[in-house]
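Chemist: Chain by chain, the residues run as shown.
There are 2 protein chains.
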Amino acid sequence: MNSPVRVVTCLLYAFITFCGVNAEGDDFKPIPPKAGSWVGPTTGEVWPNPQIRFRQNSFFVLQVDQFEFKLNNAAASSDIVNESVVRFKDRMFPGQAQRAREARQTRFRFQPPLNGRESTEFSYNVGQLDTIHVILESACGNCEKYPYMGMNETYEIVLNPDSSEEQFVVSSSVWGLLRGLESISQMVYISPENNYSYQINVTRVIDFPRFPHRGFMLDTARHYLSMNTILQTLDLMEMNKLNVLHWHIVDTESFPYQSTTFPDLSAKGAYDPYTHVYSQEDVRLIIESARVRGIRVMVEFDTPGHTQSWEKGQPGLLTECYDPTTERPNGRYGPMDPTKNEVFEFLTELYQEISEVFPEEYIHIGGDEVSTNCWRSNPFVNDFMNQWNITGDYKRLESYFIETLLVIVDKLPRNNIPVVWQEVFDNGDNISPETVVQVWKNWGIGWRNRMQAITTAGQPAILSAPYYLNYIKYGSDWVEMYEEDPHDFAGTEEDKQLVLGGETCIWAEFVNSINLIPRAWPRASAVAERLWSSRDTRNISEASSRLQEHECRMLGRGYPVSPVVGAGFCSVKWN
Amino acid sequence: MNSPVRVVTCLLYAFITFCGVNAEGDDFKPIPPKAGSWVGPTTGEVWPNPQIRFRQNSFFVLQVDQFEFKLNNAAASSDIVNESVVRFKDRMFPGQAQRAREARQTRFRFQPPLNGRESTEFSYNVGQLDTIHVILESACGNCEKYPYMGMNETYEIVLNPDSSEEQFVVSSSVWGLLRGLESISQMVYISPENNYSYQINVTRVIDFPRFPHRGFMLDTARHYLSMNTILQTLDLMEMNKLNVLHWHIVDTESFPYQSTTFPDLSAKGAYDPYTHVYSQEDVRLIIESARVRGIRVMVEFDTPGHTQSWEKGQPGLLTECYDPTTERPNGRYGPMDPTKNEVFEFLTELYQEISEVFPEEYIHIGGDEVSTNCWRSNPFVNDFMNQWNITGDYKRLESYFIETLLVIVDKLPRNNIPVVWQEVFDNGDNISPETVVQVWKNWGIGWRNRMQAITTAGQPAILSAPYYLNYIKYGSDWVEMYEEDPHDFAGTEEDKQLVLGGETCIWAEFVNSINLIPRAWPRASAVAERLWSSRDTRNISEASSRLQEHECRMLGRGYPVSPVVGAGFCSVKWN
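Quick mapping for you: the protein sequence lines, in order, are chains R and L. With this note's numbering as the guide, the letters of the first sequence map in order to residues 255 to 829. With this note's numbering as the guide, the letters of the second sequence map in order to residues 255 to 829.
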């Protein structure tokens with residue numbers, strides 16, 4: 255995925271002449287490798303690691319009340335950029351007066367550790383930085399209203415007193431500017447050696463994502479998640495350059511989505527029809543908050559399994575299970591009933607609503623974990639299968655359901671593209687070449703073989719199997735996720751090109767608004783860096799130092815994230 | 255431990271005549287056993303489960319503005335009881351107006367589940383309950399200012415309209431009243447069937463703890479914990495009838511305790527000498543908050559290992575490690591240096607301060623995980639060992655350190671009793687018969703054999719090995735802790751009498767103020783019930799239902815506790 259993007263970058267920015275920049279040049283030195291493992295946090299480093307970054311020890315000083323982002327005309331014409339620079343300026347100077355006071359109070363903590371070394375590197379002040387230019391290099395920057403699969407997120411930053419240019423961040427898209435502004439906000443730090451001033455080092459960055467699909471999956475059905483939790487998640491995703499919120503919005507346990515077409519679904523299927531639902535207004539707020547952060551909102555209404563809660567508001571959707579002795583319904587229900595036309599008529603109407611409410615092109619239709627026991631027990635289902643000559647082949651019945659649903663999605667006026675869980679591929683369903691397959695199973699033949707099979711079949715794939723945040727254990731378990739690379743499977747270069755990226759998922763059986771953020775973060779940051787940064791960004795010790803800084807940064811910005819390494823502290827004290 | 259307590263209970267309350275109460279009597283029915291597993295939450299049940307409880311379906315109604323606790327003269331003379339009834343009344347009517355409004359809004363959620371049953375049990379209103387008498391049956395109730403090992407926590411509750419007595423909670427100690435008031439506060443619930451009124455069922459309770467030592471260990475050294483986190487922990491401990499805060503206050507990573515005798519210990523050894531410390535005022539606040547909740551604060555200053563942070567403020571305490579080739583110090587340090595008199599002089603002074611600052615009789619002196627490598631490398635240590643004819647026996651040197659420290663503790667004017675980690679026993683140190691041994695190792699011969707060895711040797715023991723909260727995994731992992739019983743080892747009845755109880759521990763390598771409470775609770779509640787309730791309170795399904803209610807109760811009271819079973823919701827929405 256990278257090479258074309260990189261070439262484009264070089265063509266676009268040829269005038270600045272650093273496509274071929276030499277890492278051993280005179281004025282810019284590469285970041286020195288960190289010695290040892292589990293050393294302390296970095297200062298002013300960026301997470302996820304930029305593709306190319308040169309950083310001097312010399313620094314600019316920033317004054318909160320004098321600093322400004324100056325937008326060129328194209329950038330100023332974008333509502334997203336206009337709105338976002340305010341947010342990024344807040345992030346650059348977190349807590350301002352309070353933060354500076356805390357830093358002053360904590361001067362003693364900069365004493366060398368018992369067995370430690372002191373830094374002897376020389377650095378000097380190159381002057382005050384009052385303006386960073388925000389340059390959108392595109393005539394139609396204003397055209398792009400919603401983020402989309404494959405959007406351009408490339409950006410470049412130059413902060414160099416010797417440059418003939420002024421200091422700037424540049425991109426040919428609003429999405430690239432958002433990513434660049436986030437990087438700038440992370441590069442600012444408070445310097446205890448220089449009277450607790452805000453500083454930013456002399457730096458050049460050329461950056462772009464390795465994968466276009468970098469997702470975070472929320473499950474709002476096993477436990478309801480508050481709007482605040484979801485909005486905080488969007489903030490944290492932006493701070494980690496994740497760009498897809500996969501919203502697993504309903505499931506067997508509850509149906510919190512307030513449908514305009516079928517209001518009974520939440521009125522009867524939510525945990526609570528007033529307090530534990532997402533209204534249309536809630537959904538709009540989430541989509542809008544995501545939009546200005548360059549995050550797609552890909553919704554999932556999982557069928558035909560995982561649907562018990564649907565039956566309450568829409569009786570007749572699910573298969574009635576039969577008691578084998580009495581040969582009568584036993585009061586239980588199975589997956590949706592593929593024998594009924596009403597089921598597909600209902601789904602057609604529902605998907606029309608979904609396609610209108612969610613501007614995102616991709617729609618996740620689910621398709622995982624369908625239990626066939628209930629179908630086996632039901633005489634009408636078996637009659638239906640006899641009619642269609644698939645007697646006893648319940649996997650084929652499952653395929654029939656999915657394929658019919660895929661036709662419904664295909665006919666949507668907005669040309670939506672389906673995403674499916676891996677079972678749909680595993681069952682050999684007839685799917686279109688653009689249908690994206692999401693790999694979630696670690697067991698069986700393992701995710702590597704499954705990624706290979708899917709891409710060899712020519713199907714685009716996203717990887718989630720090693721990125722399940724709900725599985726937790728004692729220790730720095732982010733390392734295991736960090737080490738799993740979506741390209742680590744046997745396959746041709748062409749196969750690898752079909753890997754769109756990955757998603758980290760937090761299933762909510764044991765997660766609610768209380769513990770979601772501390773449980774997910776900064777572990778999700780590890781996946782974010784794997785999906786954004788270059789493949790050779792994989793030194794755990796170096797990553798650990800940057801991640802420790804990133805932990806304290808997210809904490810300082812007000813998000814309750816957990817410790818990443820054993821023992822330590824952030825100067826920000828959480829109360 | 256139980257039989258004598260039970261006999262005392264019967265003697266004290268003989269006038270109420272229900273020592274021999276028949277569970278199948280006419281007016282009181284035992285709680286019906288719950289069918290199936292993982293059923294929903296209970297309503298108005300108590301956690302941990304009382305020893306004896308009879309509950310009718312009939313109920314009293316309570317009015318927030320009319321209800322009062324009425325103290326008898328003895329109870330009114332106790333500052334603890336006076337202060338605490340305010341707290342418990344708040345807990346009885348949580349959120350009041352807001353809570354009732356939420357309950358009204360959620361009326362639809364009381365619809366039966368898809369495959370569910372409706373309750374057909376008959377219940378009726380027995381009238382309004384405006385007064386519960388709080389009766390302290392002790393002439394010198396006022397004498398007991400601080401909770402202590404073996405304090406009387408027995409109480410009894412009678413809420414019965416047919417009784418000739420009025421409604422009351424009675425105990426012969428303030429500690430018992432605290433426990434009884436907590437139980438009452440848990441029995442109150444909001445009834446959707448009865449116009450969302452507060453209700454409490456007609457109930458009799460006789461209750462007392464199974465074990466006298468029911469602890470929660472906090473580690474404030476690997477990560478600093480905010481005062482708010484510690485104070486919230488004390489609240490939650492009280493709500494779960496835990497009665498010992500074991501405060502592992504310092505360790506290798508940091509020294510946050512501000513000593514008056516040796517202020518440099520925190521000035522140089524804390525993560526931050528201003529913001530990441532516990533001042534004397536902080537310590538007093540914690541002790542006082544614990545005191546009025548009937549919780550002992552047992553502090554631990556762990557030596558001779560786990561002490562790297564001490565050296566910064568008190569140079570010369572630790573053993574210098576030597577490089578074997580150069581035969582010179584290599585700049586690293588090991589455990590405290592047992593060859594120096596100054597070390598023990600320092601410890602004598604420090605322990606005098608500790609003994610004065612902490613009113614608790616028991617002091618934990620640590621003694622775990624001492625690495626002998628540095629001692630082996632140091633020529634002065636080896637010379638010392640030659641002089642004392644223990645050449646090469648580093649375990650004996652470790653014992654020498656501990657035994658010398660035990661003499662220091664023994665000479666303290668307040669007659670403190672030491673608590674030690676199991677290594678002190680394992681090494682065969684000479685310890686007094688009252689020294690308490692804390693078992694924490696699951697490996698090696700396993701905790702059961704170790705508990706047996708310790709108690710067979712006549713030593714009191716507390717169990718922590720299966721109760722480590724820092725070890726987490728996906729799922730309802732509270733069940734494993736719940737099933738571990740401190741008496742489940744081969745031993746005589748006499749041996750078992752030496753088991754004082756247990757402690758659940760949360761080591762803070764990966765825990766700080768952000769995630770401590772959601773990670774620890776309600777998992778710690780499982781241990782709390784194991785240590786308080788009768789040995790035969792072990793039905794997981796029944797416990798799960800009560801624990802789900804308890805989770806939502808703690809949440810409703812404002813504490814960020816996590817879900818206990820897969821999927822679900824509390825009517826309180828956390829934002």
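Think of the hints as simulated: they come from the structure by calculation, not from any bench. Misleading hints may appear alongside valid ones.
Lysine-lysine pairs mimicking DSSO-like chemistry, simulated, CA-CA at most 27 Å apart [as the list claims (entries may be wrong)]:
{"id": "1", "chain 1": "R", "residue 1": "K727", "chain 2": "L", "residue 2": "K695"}
{"id": "2", "chain 1": "L", "residue 1": "K727", "chain 2": "R", "residue 2": "K695"}
{"id": "3", "chain 1": "R", "residue 1": "K695", "chain 2": "R", "residue 2": "K750"}
{"id": "4", "chain 1": "L", "residue 1": "K594", "chain 2": "R", "residue 2": "K727"}
{"id": "5", "chain 1": "L", "residue 1": "K566", "chain 2": "L", "residue 2": "K594"}
Chemist: Checking each numbered hint in turn, tell me which of them this model violates, lowest number first.
Modeler: Of the numbered hints, just 4 does not hold.
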